Every structure is written in structure tokens, then in C-alpha cells.
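Participant: Here's the letter readout for the chains.
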Amino acid sequence: MAAINRDDVAHLARLARIEMSAEELDRMAGELAVIVDSVKSVSEVAGEDVPATSHPIPLSNVFREDVVGHVLTPAEALSGAPDSEDDRFKVPAILDEE
Amino acid sequence: MSVDTILSFEEAMEKYDPVLGFEVHVELNTRTKMFSSAPNVFGDDPNTNVNEVDLGMPGVLPVVNKAAVESSIKIGLALNCKIAESCRFARKNYFYPDTPKNFQTSQYDEPIAYDGWLDVELEDGTVFRVEIERAHMEEDAGKLTHLGGQAGRIQGADYSLVDYNRAGVPLVEIVTKPIEGAGSRAPELAKAYVAAVREIVKNLGVSEARMERGNVRCDANVSLRPHGQERFGIRSETKNVNSLRAVEHAVRYEIQRHAAVLESGVPVTQETRHWHEDTRSTTAGREKSDADDYRYFPEPDLVPVVASREWVEELRATLPEPPAERRKRLKEAWGYSDLEFRDVVNAGVMDSIEETIAAGAAVGLTADAARKWWMGEIVGRAKAADVDPADLGVTPQAIVELNQLVVDGKINNKMASQVLDGVLAGEGAPAEIVEKRGLAMVSDDGPLLEAIDAALAAQPDVADKIRGGKVQAIGAIVGGVMKATRGQADAGRVRELILEKLGVQG
Amino acid sequence: MSSFEPSTELIRLSAAALAAKLKAGEVSAVEVTQAHLDRIASVDGEINAFLHVNTNEALAVAAEVDGIRAAGGAAAEELHQLAGVPIAVKDLIVTIGQPTTAGSKILEGWRSPYDATVVRKLRAAKMPILGKTNLDEFAMGSSTEHSAYGPTRNPWDLERIPGGSGGGSAAAVAAFEAPLALGTDTGGSIRQPGAVTGTVGVKPTYGAVSRYGAIAMASSLDQIGPVSRTVLDSALLQEVIGGHDPYDSTSLTDPFDNLVAAARTGNVEGMRIGIIKELHGEGYQAGVENRFNESLELLKEAGAEIVEVSCPNFKYALGAYYLIMPSEVSSNLAKFDGVRYGMRVLPKDGPLTIERVMAATRAAGFGDEVKRRIILGTYALSAGYYDAYYGSAQKVRTLIQRDFAAAFAQADVLISPTAPTTAFKLGEKLNDPLAMYLNDVATIPANMAGVPGLSLPGGLADEDGLPVGIQLLAPAREDARVYRVGAVLESLLEEKWGGPLLAQAPVLDSNSTVAGGSL
Ligand SMILES: [Mg+2]
Ligand SMILES: [Zn+2]
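Sequence order for the protein chains is Y, C and H. Oh and the first sequence: position 32 is 32 in the numbering used here, straight run, nothing missing. Throughout, the numbering used here is defined as the position within the second sequence, counted from one, plus 1000. Throughout, the numbering used here is defined as the position within the third sequence, counted from one, plus 2000.
Chain Y with its partners taken away, still in its complex shape (with noise of 0.2 Å):
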């Protein structure tokens, strides 16, 4: 496993939609170098024969029928939106201009 750099860090951080300054960059790889270093044994631990567990308590087919329930009103659904207009919530343009 490579060590994480500035770079990547600045790959993550998009990925994320954190916005980061250059110093910030440098200082969160740092931080997670060590991190990481101190975590990758993780990967040497378990052989291929051991399953992976994502659930703590093993469950299946919870299901819920199809019945309608509960809904907000819009003025409920928007009441913490930053912007909205027109009962529908109001965001900036999602692309760049061309």
C-alpha cells in the first residue's frame, strides 16, 4: 500500500466536497500517513478463508408492507432549507458554464 500524499489527499477531499487550503492538504496528509500507518497490520491479519462481517447480529428480510404512512407537509419538508422557491428546494447551478 502506498503512503497517502498530498495529492491524494486533495483527490479525497473532492470526492468528499471538502474544500481545503494548500496548508490544510498538508497537514491532514500528514495526519493520515501516521494513521494509516498505524492501521494497514489490518490487511495482513485475515486470510482468504475468513468472511467478512458486516453486521454485528445477523439478521435477514426485515421488511416493512406496503402501506402508506406519514408524510411532511412542504412547508415541514423545507422548513430548514437554506433556499427554496416554489415549495422546492433551491440550489446553485450544478454545472460550470462551458
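These are computed hints drawn from the structure, not numbers from a lab. Where hints are given, some of them may not hold.
[Said to hold, decoys possible] Under the rule of at most 25 Å between Cα atoms (straight-line distance), these lysine to any residue pairs were calculated in the SDA-like manner: (1) C:Lys-1436 x C:Ala-1454; (2) C:Lys-1092 x Y:Asp-86; (3) C:Lys-1202 x Y:Ala-52; (4) Y:Lys-40 x H:Lys-2277; (5) C:Lys-1465 x C:Glu-1500; (6) C:Lys-1177 x C:Arg-1129; (7) H:Lys-2315 x Y:Ala-52; (8) C:Lys-1066 x H:Gly-2243.
Just so you know, these numbers come straight off a predicted model, no measurement behind them.
Once you have looked at the hints, place chains C and H with the ligands on chain Y.
Facilitator: Showing chains C and H with the ligands alone in chain Y's frame:
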């Protein structure tokens, strides 16, 4: 926007074989959403069919809709898929404002259905088998409206508005394996495949299957390779092609575009394309910037779906007859020619004919009679009114009654057509209309004989021809009589009386 | 109205004792609630356990309880046994009518349109909710220093941390601001604060308490649980908040109604109690070890059989946790994007696109620890790394479960110190994430395997006079066992100390704050 160079389809086909692939999203018609109990309803006011789960509020958790799972299994079975004994949901992570949690709950490495096939019938009856890779469950996104720029276009818009009513609507995504060997019929196959999927889910009753509402949406993958080459070419994925005709056109366009690119010696770019109905062309889409890395992982808030074999068999037992098998059965039962049956199917009146035959069974209504009524009278009127024939407002029972009036000689075909107009105008049942409009046939021979005398006198030369044995000339006299009686005579009886009068054998 | 006990005495009573007095009519719910509100007004300026105090609603609920009791009849009979006993709620749990911030700027001012399932249950039991308690931002931390609203201080020493992430709930209970509180525990956030504040905290079996309405940190590890001053009080509270919830697909259908009875069993004779070899000794403070050994002696004297068990894979638990947790965090926190609720920040310059608004909002709204974990999780899930990181960590989880299974074949309950050290000083580990993470080394295995864990005070460390926590672990669904052993050990220890450990806590100088000052 630059215009692509394209090669003619024929030239493209001379050098290249197309390979197709489809991802078809089907919106299920469950009462509630995939993971919340908010209603799954199309066309309501914005943000009225949402609860905290659909809005991805802090703290919410999903719960799987059992009906959606059952519909998904039914789709898998209808596509001849294997149903996974155990499968699970996964999170597909990407930021987009129509996706309330900024991840889509979908399935990744464990779809509910996989390894199936669908026989697709082309217009000339050729059957083409399309292999199905998988069908998986997921949730739909909300609806974005782009404002401030060119109407509805994302490019140049100042801002967008989001309605989350559609967020969380259950989807089944059906993915084909690469489809090889369609050759120049690739565009036609594309359309037929999507039509077949649409028909299947509609027949299953699991989706409204209305493409114009986005209930069925198609992403079409196209690549070309030179004749004789085994390795696939680089593909493009044309997103959201949402009518059958557009599917055909988009595949055709992409084949022509790829061919031109390859001819110029440049490799095709692997990319997403957008279909434009107005120009019947595609343009390169701007990638969602996370598209290379969705960071899928098992959805920790949901537990696996285990489809016991008993459950699957129970569901299989509820499946309706597959559309293709049903067509084959009906065609044989009705004794229609290939052409007649195809016309019936293409006109969309197969179901109506079936219902009409059933309704008229007691009075011996024939399959041919049913076809004549629907194809001869109703299809044309429906086209004029721009509705589906079945939605025109003529019931199978009305057709049976109408047909019986003709069989009984109460009215003739021309009058029947007027009665049908009356039915459509809401004037009542056929018999009532005959009464009200005074359309009963003239059956008293007296007035007929007078009219016959007058007609014979008016055309003595024709009368002579008939006397001389040229019975086929009788039409002119019959026509004269019908004209004089304003169509209210039984043409058969008129003919009999003319022959009687002239002493000729019919 | 009743015998006028000074409110300073009321606030020192356990929930069980308050419930008994309320039922007997010796005190009113309004008096009890007001006494706690007064205490909050008096000391919380120093402690900062509360982010919001819910004065009016709490008093209204208390008055309702008093009204029902006064009217008598069936309605009074049907009152829940904890009706009128006030409670504080960790501000990670959503509540209608009060703000919910998760300790983050990004949710400042947000009001939930719905109640968490546990809150609905508190309301149904008519327990007055005193307010919302401080926490590390989105529950990420072990010191409550990562709150965007300032750190909470440890009532034992105001220069020290109260643990985290649930430092607010633990400190509120330790400072007698509330008899009960709700916490959430993803890697120890209920138990470790309990340990360092001398209180009791329980992480129930995963799925025993609904997570619906607890703002998710790591979905497969998070669990809501009780915070209290006695083991019995935690059992009483878990019975209120537990049970199956159709809104949480991971919620268990098993009944968990034998907890109070277990806490009242009163003996551990013949029970096998397993010391986890890997969870004490090296790396544990001497005073912690001493108190731990003392508890073992007491249990042995009470007739328990002490055995040693080995869980060799526990040494990988912390590493696996720091892959699984941030991976789930990176996905769970994606929803905080400035579109539907919460803060929105526009980029300072450049084009105004939604992508840039989201990035600017998250940059301004999240603190450093949250960002660190999101980036780490994004990394662990990203193409090419998934198998080595997330995938491997899920396998380690299987190994940890196997270790637990083997250990529980030899022992009915496992025992360890809850945290390797007593409370450290504010700021001491703030710039050393790894050192901070090590606080949870003993609590994390329970989250990885979903088993229940309880921390109770085990005395004060010799070297610093600060509380030490003892952790008890039981197999999944056997929560009753940790209550049974916990209550016995608690009574043995109290006998030794001559009363509750918190009686030895320093008296907070209530004159240093303005009574009734706004919070
Ligand atoms: Mg797709
Ligand atoms: Zn999809």
C-alpha cells in the same frame, strides 16, 4: 456545440459490427417507496410525497418495502433469471442534489436476479435472444428543474429547484450482457428489446410502464468493432433515452458517429452521451465527477434479503402468461394470417379483440367479426381522436350488440357505422341508438318494389344486361335503390327482389 | 405539597429512589424537575454539559405527571414507574421542539421535524427532558473537546476531560444535573465517559435499542444506551428505551425486559467471570490496574469463579475500527451538504456551482476531526483500496467475534478496565489523534461484535484520585448478565467506600456562576 461527423449507416455496416448493451430502469408501481412509507405517486405537487426518510434527514433509517422485493423477483423470473438465495443492498456514493443522502441505496455485487434471457421478436418475426446479466433493486432520485438559462437545459442554468417526490421510488435496473450479432438490425433490435421489457413489466402488473412518465428509462451502450474482430470496441453510453423511437434512433446515430470516429483513425472516447430528440443526435455529457469511484460498500442499515425457494415458487405461480406465448396462442386460436395478426398487435387492439370475442361467445361472435369491428371501425376513429383504441369508449359488449344487429338484418354495415358514432357520442346502447336515430332497415317490400321499378326504368340498358345473364351488373340497380331509400334498405333483400322481378337466377 | 427536602438532596437521589418518592407522593415531579433545572443553572456554566435546556417543556411534562397522580384512578395507576423522573438527552438524538446540533456548526439552528424512537418512548413514559447534552462533533472523539460549542469539563476536575463523545451526558449525571441521560456508543462513547466521570454507562446489544433518530456516525457500530449513577437506574432506563422498532431494520425482536430483575438478583455465586488477557496490563495506568484487581478480588469473595481468557485478535480491533468507522462516517455524513437543511456557505470567489457550495459548506461546517475521518473513510472505500482496508477490517470483525465466542465458552461475563487511563487534561491529546484513539482500545471490541458492555465506577486511582471504570461484557442478547454482575460489584464497592463514589467528588462552587443565566 460542435456537430459530430457521421458516416452513413450503410457505410458503417459495410465495415463494422455493432455491439449493444442496455441498462433499463423500471419504476415499480408499489403504493409506497422503496425504503419509506411515503406514497409512490406521479404528478403531485412538489415535496408533498416525502417524509424525513426521503429527505435524508439526520437520524433516519431505511426499511425495505416487501412488495418491491416481490415485484423485483417477479421481473427476474419473467426475464428467466436465477433468483439469488441471498442478496444485499449497497451504497453507491456520489454527491448530487437530487440524491438526498448523497448516496443511492442500490445493489452492487449481490443483485437479486442474474443470468437470464429474453427472446425479442423483431417486426418480421425473427426472434433474437438477449442475455440478461442482472436485475437489481435500487431507489430513484428526486427531480431537478433547471432555471434561468435555456429552457430546461442544465448548461447555462442559473439555479435548479429540487422536488424529492420521486426520491426513493423503487426501481429495478435490468442490465444486459453485450449483445452481439445484430448487425444492421441493431437499431431495430434496440427498440424491440426495450419494447419487450416494457411489455413484460406491464404484463406483470409491477409497473405502469409509461415511458413518457419515465416509468421505463433506457441507457443504451454502443460500440463498434471491425468485421472479424473479437475484441469489443470502446463504448459510449447514451443516457435516458425515453421513447421506443428514440432508442432506435439513438443507437443508429451512435453507430454512425462511432464509425466516423473510427474512420478518422482516432479511438472512440468512452463517455456518457445525451440524446436530443430535436436534433436526433447525441452530445457528450459532462461526467459526474465521482463517476470513476462510487465507493460501494454494503448498506449497514439494511440486512440481507433471503429469497427462500418456497417464496420464489409462490411468486412464480402468480406470474401471468408471458406476452409472447400469449400472442402465439391467440393467433392460433383466432386463425388470423401473419399479416392480420401483426396488424392487430401493432394497432394495439389484441386485448380488446380478446375481450370482445369473450363477450360475444354466447351469441357466436367470430374472431374475424371482432377483428373487422376493431380494425375497420374503431382503430381509425381512435387515431383521429389521438387516443388508444381501448380508451376510445367502446365496450366489447357494445360491439357484440352492434354485430348482432347486423347479423339479424336489423341494420346494415353503413348504418352500423352511424350507430357506432352514436355510441361514442354517448347516446346509449346500440339498440337504443337505432331506435332514436330511426335507422331501422326498410323491410316492407312495398316501398322497395316501387323504388326497384323506378331504378329499372331509369337504367333500361342495365336491366337488359341482367336479363341477358350478366348478373354482376346488378350493383348499379341496387345502388339506385339504396340511394332512393337513403341507405335504409337491406341490400341483400333488394338484390333478391330485383332478380325475382327480372326472373333471373342469382 | 410534600415533605420539603432541600433540592440539593433531591438531585443526589437515584432515579429509582426518585421514582419511589414520586409514587409515594413525597415529592412532586415539578419539584424534582425544578431542582435539576436549578442545579443546571447553578453549575453548568462551569461544566458545559448542556447545549440546550428545555425548561418549559420539562416543567410542563412534570406538571402533567403531577396532575395525573393527583387525579388518581386508572390513569395514575398506568403511569410509567419513571414518570416524572427527568432525563438529559445527548444532542446526537433528534427531538421535536428542541434544536439538535450533533455538536456541529453545520446543524446550528436546525430543528428536527420528527422525534427519535427513544425520545418517543421517553415522552410516552412522561419523563421530563431537561435538555440536550454536549458531545464531540458527530460523536467523533473521546474527550468532548471536538464539540463546536466548547468542551465539557469533568466535575471531578474542571481542567480535565469528561470523556467522549458523550462527555455531556456523563458530566451532567456526575454533576447531579440529571439523574439519567441518554448516550450513544460507537466505540465506547457511553462507557469511557462513564469511566472517567465515575458514572454508570451501558452499551446494549446492537439492535436492543432502536437507532432511529440517532444521527448516524457508523451505522453498524452505533448503539443508544443509558447513562446513570447506579446500575439499577441504567437497567430501568434500558427497559424504557429498548425493544423492537419497525423503523430500524437492525432492531432486534428479542424481549429485553429482564434487566431490572437481573440488577436486583444480588448474587454472582458460581458465575464464571473472564479476565481478558489482552485488555489490561501493559499500557494501562497503574491506578487503573489496582482498582481492576480489587474488583476481581471482591467478585471472587462473592463466590464468582475468575478465569483468564485470551482474545488474540483484539489487538487488531482498534485498527479495524479505524477503517470501518470512518468508511461508514464518510457515507453517513455526505447528507450534510447545505441543500436540504443546516448551514450553507458560498465559496468566497470563483463560479457559484452546487459542487463548490457543497465543498465550501462542508469545509466551514465540519471540524478537523470530522474531516479527518471523512477523508480516511473515503480513502478506505475508494477503488483499489476497498479490499485491503474496508474488506480486511470486516474480516477482522469476524475474528473478533470468534474470539468472543471462544471466550464466552469459558466465561459467562468478561471483565476489563473500561479505559486505559483516568481523565486526562483538556488539550493534552487534542493534537495527537492516535493517542486520543487509544482511549477506546478496551471498549471497541464490544462494538465490533455487537455485544453488550457496561461500565461502572471501580474507585479512584491512587496516583491522581480520579475515577476508574470497570467494564463488564456479555454475549449478544445477554444484557441481563452485565446488569446482574454490575449491580453486585457496585454494592460490594459501595460497602467498601461507605457510599457512592460520587459522594467523594468535589463540591462544585455554585456561586461562581450566575444562577439562571442563559446557556
Ligand atoms: Mg447504471
Ligand atoms: Zn441504476
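Participant: Look at each hint and say if it fits the structure.
Facilitator: Tested hints:
1. Between Lys-1436 (chain C) and Ala-1454 (chain C), the direct Cα distance comes to roughly 30 Å. Violation of the 25 Å bound is thereby established for this hinted pair.
2. Taken as a hint, the Lys-1092 (chain C) and Asp-86 (chain Y) pair is broken in the structure, with Cα atoms around 30 Å apart against an allowance of 25 Å.
3. Taken as a hint, the Lys-1202 (chain C) and Ala-52 (chain Y) pair is broken in the structure, with Cα atoms around 39 Å apart against an allowance of 25 Å.
4. With a CA separation close to 24 Å, the supplied pair Lys-40 (chain Y) and Lys-2277 (chain H) stays within the 25 Å bound.
5. In summary, the hint linking Lys-1465 (chain C) to Glu-1500 (chain C) is supported, as the alpha carbons are separated by about 15 Å, within the 25 Å threshold.
6. Between Lys-1177 (chain C) and Arg-1129 (chain C), the direct Cα distance comes to roughly 11 Å. Compliance with the 25 Å bound is thereby established for this hinted pair.
7. Restraint check for Lys-2315 (chain H) and Ala-52 (chain Y): the C-alpha separation of about 18 Å stays at or below 25 Å, so the hint holds.
8. Among the hinted pairs, Lys-1066 (chain C) with Gly-2243 (chain H) is consistent with the structure: their alpha-carbon atoms are about 22 Å apart, no more than 25 Å.
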